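This is what each chain is made of:
6 protein chains.
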Amino acid sequence: MTAPDIGSAEEQARYQRGLEVLSGIDGGGAPAVMDSLGDIAPALAHHIVAFGFGDLYSRPALAPRQRQLVTLGILATLGGCEPELEVHIKTSLNVGLTPAEIVEAFIHTAGYAGFPRAINAITVAKKVFAERNLLPVTEG
Amino acid sequence: MTAPDIGSAEEQARYQRGLEVLSGIDGGGAPAVMDSLGDIAPALAHHIVAFGFGDLYSRPALAPRQRQLVTLGILATLGGCEPELEVHIKTSLNVGLTPAEIVEAFIHTAGYAGFPRAINAITVAKKVFAERNLLPVTEG
Amino acid sequence: MTAPDIGSAEEQARYQRGLEVLSGIDGGGAPAVMDSLGDIAPALAHHIVAFGFGDLYSRPALAPRQRQLVTLGILATLGGCEPELEVHIKTSLNVGLTPAEIVEAFIHTAGYAGFPRAINAITVAKKVFAERNLLPVTEG
Amino acid sequence: MTAPDIGSAEEQARYQRGLEVLSGIDGGGAPAVMDSLGDIAPALAHHIVAFGFGDLYSRPALAPRQRQLVTLGILATLGGCEPELEVHIKTSLNVGLTPAEIVEAFIHTAGYAGFPRAINAITVAKKVFAERNLLPVTEG
Amino acid sequence: MTAPDIGSAEEQARYQRGLEVLSGIDGGGAPAVMDSLGDIAPALAHHIVAFGFGDLYSRPALAPRQRQLVTLGILATLGGCEPELEVHIKTSLNVGLTPAEIVEAFIHTAGYAGFPRAINAITVAKKVFAERNLLPVTEG
Amino acid sequence: MTAPDIGSAEEQARYQRGLEVLSGIDGGGAPAVMDSLGDIAPALAHHIVAFGFGDLYSRPALAPRQRQLVTLGILATLGGCEPELEVHIKTSLNVGLTPAEIVEAFIHTAGYAGFPRAINAITVAKKVFAERNLLPVTEG
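Taken in order, these protein sequences are the chains called A, B, C, D, E and F.
Letter 39 of the first sequence, counting from 1, is numbered 39 in full-length UniProt numbering, and no numbers are missing.
Letter 60 of the second sequence, counting from 1, is numbered 60 in full-length UniProt numbering, and no numbers are missing.
Letter 26 of the third sequence, counting from 1, is numbered 26 in full-length UniProt numbering, and no numbers are missing.
Letter 109 of the fourth sequence, counting from 1, is numbered 109 in full-length UniProt numbering, and no numbers are missing.
Letter 3 of the fifth sequence, counting from 1, is numbered 3 in full-length UniProt numbering, and no numbers are missing.
Letter 102 of the sixth sequence, counting from 1, is numbered 102 in full-length UniProt numbering, and no numbers are missing.
Hints listed in this document are in silico derivations from the structure and should not be mistaken for laboratory results.
Some hints could be false.
[Claimed, not checked] Looking from chain A toward chain D, a few residues come up when the C-beta cut is under 8 Å (computed):
# : residue
1 : ALA13
2 : TYR15
3 : PRO31
4 : ALA32
5 : GLY111
6 : TYR112
If you're wondering where the values come from, they're calculated on a predicted model, not measured in any experiment.
We treat Cβ as the ideally placed atom computed from N, Cα and C, and that holds for glycine.
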């Protein structure tokens, strides 16, 4: 068994494809985490882009705003994903979810995963919204 | 401290309100779990309806289809929620999500919560779709 | 569907009820998290008080000290809930659990949820106890 | 490195000690799971008794009823622990928790770990209570 | 954004590559779950093979036996993954882990994720070992 | 019921045994967490050493490098265990796992527990490797 060469033409094409998907939703500029993986796990960075964005995010069955709603529910529930939540709250804004919709996804999480997970996710959202002058959030 | 009387007029009004929300999304007929709680934890059944549906689901910041997408992400990620997933896959169909959208939410979960959670959720969806003659699912 | 108006007389009465329960166990002064939610998710703050404390905590089937023991087990197991653990360790002291009982709940967690969750919870307890000059904890 | 010999006099004394603690709370008769481990992981069965019961459960800082409340919160939150929950619901009854207290611990879980975990735990309790003619549960 | 065509020559080559890796470790015969996904989420089955096996399992940094040890730790900890555990216990045997090593990985899990997760995983192992006449397991 | 006296000759012998196992794999110097538990939960520190290392780690069915691979999979999956991960990444290096093997265990986690858990664990590894001048990691 040998792993695919992530430098091969085929893999680079997959990577470029994923990068385009990623750039289309996060407003350009791959998340800093990708750079951070460069000297320790470049293959993981490759697969996040090629598989996560190129293979999964690109699927048309869910529009980007729908997909982000699923993502917000997943990450809030997992817990311990504050850095990823921050990235995906920004992406959610970029694809057109409103601050009220993002907050609502987390309030909704309270019923299924409990108040602590909901509060923790909203705490991350508050940081992002504060940086972008999106506070206070007007409901509805 | 005394708990609110779930038989009081105010609480019954809250309950009725939640029941209307629930009936509006699940096609009538409260989930069997509500009946099952009747002789062991009627207050929990009350609060699931009054708080979960009356207070949370009724909030207009997310449309029912959006809200179900968040729910599918949460329940698939939690794991061990097969009965609840079954209820919510049915509810998702009732509010207008297509089988392909439901499946896509679970495929998406693979990237953030791993393949096992995604497969388990799709196994529940397959059972529901088979009962309703919705197989095979045509993507896109 | 429209959500209940959290400013209505009925909801304000529910909120006041929850606030009294909360004040009775946390020594007055709502947790800072409530204030923090004010400009981003005031409805969540409302529901934490009205539902979490007014509807759940007020139920007489468990005395406050018993209820806190359940809470400590839940939060230690969930993981990633350090802020909530801090609030509830303080509340546990306020309702009369001893430092040794609080620590014991976390030691007990080791058997069912593993050493890391137990250690993490005790690390939070140590911070709270240090602030209140409750160290060292004498067992038994 | 060599593991301790679980057949040694010292380890057998630790085991006997744990077995006495276990018998004192579960009404005699080690859980069937212990027998089940006999031909595949006898050392695990030994450690569950010697460490779990002999070292942890025997600690006096929490009375058995208090300790079971912590346990119920932990197991309901973990999820996927239906067999263990069944054992511990029975143990909880044996040490004197009432059905209403056991149910209350699970209702309480809803606020911190969400409705699905609470419902799943109550479903197990309902099975145990039905077998023992303890239904319906009268609150308070 | 359009998803990659899983029927394209490139994707079929990726799939074949993954299938070879999978066949090399599971003794031939893709897990039944792959077939089961065929009429509901064929793309997920494709990605499990192409990404999971072709991209991840094929990486030479860990030998198959090492990789299975990591997998056993992950799946036992996740919980609620009994079907996946069964597949991977069989795969672990196929790549040369002994029953005692597999059981040991689960006993080890007890210290970090608690006794219930360990017991649940060993219960699945016992079923697999019984089918293959591998009981009793002789330690060491 | 009375707990075993952790100061007794038998328990001190168990503790010393565990400490030898621990010293053999972590390069001497018990983790700082042990000291930290001294004034709040000394019994937990005792049991981590006596049970976790003396009873579990000492078992010969898995060699230290194998055991660490299981541990890395467990801790990465649990989430919220950054301090424990740091300790165990160092221990993994001490028993002879290479940086590439450690990173690979975490990349592998992505398939079963999702990208966020994998990234979080690698972030901890990067910190440890940077302190020890082990960056960049050369794969395979």
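Verification of the supplied hints:
1. For A:ALA13, the interface hint is violated, the least distance from its beta-carbon to any beta-carbon of chain D being 41 Å, above 8 Å.
2. Because the smallest distance between the Cβ of A:TYR15 and any Cβ of chain D comes to about 37 Å, over 8 Å, the interface hint for this residue is violated.
3. Evaluation of the A:PRO31 hint against chain D yields a violated restraint, the C-beta minimum of about 29 Å exceeding 8 Å.
4. Below 8 Å, beta-carbon pairs count as interface contacts, and A:ALA32 has none with chain D, the closest being about 32 Å; its hint is therefore violated.
5. Given the 8 Å rule on beta carbons, the hint for A:GLY111 holds: about 6 Å separates it from the nearest Cβ of chain D.
6. Because the closest C-beta pair between A:TYR112 and chain D is about 4 Å apart, less than 8 Å, the hint holds.
Going through the hint list in order, the structure does not satisfy hints 1, 2, 3, 4.
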